Amino acid sequence: MSESDVIDYEIENNEAKMGIISTKNLSKIYNPDTIPVHALRNVNLDFEVGEFTTVKGPSGSGKTTLLNMIGGLDKPTEGSVEIDGIQITGMKESKLIDFRLQNIGFVFQSYNLIPVFTAYENVSFIMLLQKRPKKEMEMRAKELLEAVGLKDKYHSRPKELSGGEQQRVAVARALASQPKFILADEPTANLDTKSAMNLLDMMEKMNREENVTFIFSSHDQRVIDRAKRVITMVDGAIESDETR
Amino acid sequence: MLLNISWRNVWRHPARSGVLLCAIIAGLWAGIVVSAWTNGLIDQRIKRVIEEELTHLQIHHPDYLVEREPTMVVDQTEAIGNLLSSDERVTGYTFRTKSDGIIQSPLTSSGVQIIGVDPDREREVTTFHENLISGEYLDADVRNPVILGRALLEKLNVEVGNRVVLSFQDIDNNFTSGSFNIVGMYYTGQPALDEFKIYVRAADLSGLMSPEQIYHEIAVMLEDVAESPGLAAELNQQFSHIKAETWTELSPELRYMTDAGSSSSFYVMVVIMFALAFGILNTMLMSIFERMRELGMLMAIGMGRSKVFIMIMTESVMLTITGAVLGMLLAYGTVEIFSETGFDLTSVGGDSMREFGFDAIVYPKIAGEEYIMIAILVIATALLAAIYPAIKALRLNPGEVVRE
Ligand SMILES: Nc1ncnc2c1ncn2[C@@H]1O[C@H](COP(=O)(O)OP(=O)(O)OP(=O)(O)O)[C@@H](O)[C@H]1O
Ligand SMILES: [Mg+2]
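Residue numbers (our numbering), protein chains in the order written: chain V, 843 to 1086; chain E, 6 to 409.
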């Protein structure tokens, strides 16, 4: 079985650019009534299928806030987010949870995995939430774990895995739900350089070979250097947006 | 898998869950054993009162129990007797002549209730004769035999073999008295009986009260207690000038005791459940607080709130049911063992128990439905106690929680 079957990504077209995420005049003000914090200021961004993009910027510049808005984990004070033509801003909470489940893959900095589940169970769990057929679930979980290089760790619990291995499981889980894109907020922040580079290698390979869309944030220049597009944030606003 | 995740979450902190589990086991075990013991105690007490003297049903003159006049005798005893003899529900019946009177020894005197029985019939219908601790029963070949309680013998300072004088009213309201020979001594342990009730032959008592044989009471034992209200109603309809009453009507305090017993068992269980609810609440809250990030992550990746809610409820119910099953099994075993051997409290307070008419050796018993009721109570408690922690979890804002 070839790897493209494995990842089974819903992309047919590499050449024509397909918009997937669009933010319009996105602003976020925390504590508007007491000490207002402008976490995002009028952010207008468009993302396309197959991007390998990093959001950088100093601490407090609004990276997490931006990713949370795109991922539908937080509500903007003003503006809106559209994913694949569907406006998620203002969506009902229960609908939004389901939308996330079906459309967005998440990788967090930490607390990514269910500690009582094995690597294999962590990956299948999300497909279970999606009510996928059992057969498909089993096959896909195994294949994804193999693809992220954890063929011999199916039955390890998170505690028995290194930080890098845990993040690989998290990526495998994010991919398992066949999302439209993957959001990763500082996925390498808790990893040593070698594990960070390995994780990046793997993500890059998936992006290159399967056209998986990754949007991640980072502080780490070596990680930032590997992105195809670098969005720089300062004080809640986009300072620069370069594609290499 | 949702069940699976809940079950594994339960055992995340074996020590913490273990402590709660032990509390549930101990609580249920104690609650059930105490209930079973109370049930046994009360049942034995009722059985004893019924079998010793009360019987399932009694027939009197309609006003006898209130006014206790010697003239208030049961009419048509023969017809009633014939009817009872031919009724299949009846296992036995006996006639009694009764009077309130005074017993006199050379030294002192005392007020007593004199119960005249037909020794042969009485022996077949009730177990009173088993309380005899020395001497003979009323079928002794002696003129005017009488049996006294041990406490009364001591009070009067007499012994088996001595004579006493009984004085009482006859049916013409004249005082009459007769000399009786103490042939036996009984002991129930209850001062109210031992000091107060004395037993003679119905024929002797009746002979002193009236020219004809009179009876004040017919006591009837049935095959099945549940038949007593029906038979009482039939008798009341068929015969005028009598009043047939069941044991619950004759002795409302016994009835009350059954009710009090079951409601006290119920309150014991409620108190135990209340304590357990706090234990569960505490454990579940701790478990939620330390998993805030994980729960936020689950909601972020798309686990619906209803699933999170169900997961937490399931955790609570699973933990509680595990404890409940173990506690109930343990209690079942304990009750089974003691229902064979009896639970003997003689050494710690048997005498005082006897004074109140309870057996010192109790055979605990508990009905299957009570286990079911307790199981339902436990599950309801587990659910109620988990609602608050589960709601706490639902209030999480995943966006905030996943922020480092
Ligand atoms: N819940 C909140 N309440 C108030 N202020 C908040 C809240 N969340 C974030 N902020 C503020 O919003 C601003 C942007 O925060 P954000 O977490 O997006 O920054 P970041 O770029 O991800 O920082 P870091 O690199 O440290 O992760 C910060 O000033 C932060 O203090
Ligand atoms: Mg951040």
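Derived from the structure by calculation, the hints contain no laboratory data.
What you are looking at is a predicted structure, and each value in this text was computed from that prediction instead of being measured.
Be aware that a few hints might be false.
Distance ranges between label pairs, derived from CB positions [stated by the list, open to error]: (1) N287(E) / D1083(V): 29 to 39 Å; (2) A1079(V) / N287(E): 43 to 53 Å; (3) E935(V) / N287(E): 41 to 51 Å; (4) K977(V) / W12(E): 49 to 59 Å; (5) K1047(V) / L388(E): 43 to 53 Å; (6) L7(E) / K934(V): 48 to 58 Å; (7) D1034(V) / M291(E): 39 to 49 Å; (8) N287(E) / Q1063(V): 41 to 51 Å; (9) R260(E) / E935(V): 25 to 35 Å; (10) N9(E) / K977(V): 43 to 53 Å; (11) T346(E) / P975(V): 17 to 27 Å; (12) E935(V) / S267(E): 45 to 55 Å; (13) W12(E) / P975(V): 20 to 30 Å; (14) M291(E) / D994(V): 27 to 37 Å.
Not the full set, but computed from the structure, chain E residues with beta-carbon under 10 Å of chain V [to be verified]: (15) R21; (16) R73; (17) V95; (18) I293; (19) E299; (20) R408.
Even glycine gets a Cβ: it sits at the ideal position worked out from N, Cα and C.
Status of each hint after checking the structure:
1. N287(E) / D1083(V): 29 to 39 Å: Between N287(E) and D1083(V), where Cβ atoms are some 51 Å apart, the hint is violated.
2. A1079(V) / N287(E): 43 to 53 Å: Since the Cβ atoms of A1079(V) and N287(E) sit about 47 Å apart, the hinted range of 43 to 53 Å holds.
3. E935(V) / N287(E): 41 to 51 Å: violated, 29 Å
4. K977(V) / W12(E): 49 to 59 Å: Since K977(V) and W12(E) have Cβ atoms about 24 Å apart, the given range 49 to 59 Å is violated.
5. K1047(V) / L388(E): 43 to 53 Å: Taking Cβ atoms as reference, K1047(V) and L388(E) lie about 49 Å apart, which means the hint holds.
6. L7(E) / K934(V): 48 to 58 Å: violated, 23 Å
7. D1034(V) / M291(E): 39 to 49 Å: violated, 33 Å
8. N287(E) / Q1063(V): 41 to 51 Å: Because 48 Å falls inside the window, the suggested range holds.
9. R260(E) / E935(V): 25 to 35 Å: violated, 57 Å
10. N9(E) / K977(V): 43 to 53 Å: violated, 18 Å
11. T346(E) / P975(V): 17 to 27 Å: violated, 58 Å
12. E935(V) / S267(E): 45 to 55 Å: This hint holds: roughly 48 Å between Cβ atoms.
13. W12(E) / P975(V): 20 to 30 Å: holds, 24 Å
14. M291(E) / D994(V): 27 to 37 Å: holds, 36 Å
15. R21: violated, 15 Å
16. R73: At about 76 Å, which exceeds the 10 Å cut-off, the nearest Cβ of chain V leaves the hint on R73(E) violated.
17. V95: At about 67 Å, which exceeds the 10 Å cut-off, the nearest Cβ of chain V leaves the hint on V95(E) violated.
18. I293: Not OK, violated: I293(E) not within 10 Å of chain V, min 15 Å.
19. E299: holds, 6 Å
20. R408: Given a least distance of 6 Å, the restraint on R408(E) holds.
Of the numbered hints listed earlier, those contradicted by the structure are 1, 3, 4, 6, 7, 9, 10, 11, 15, 16, 17 and 18.
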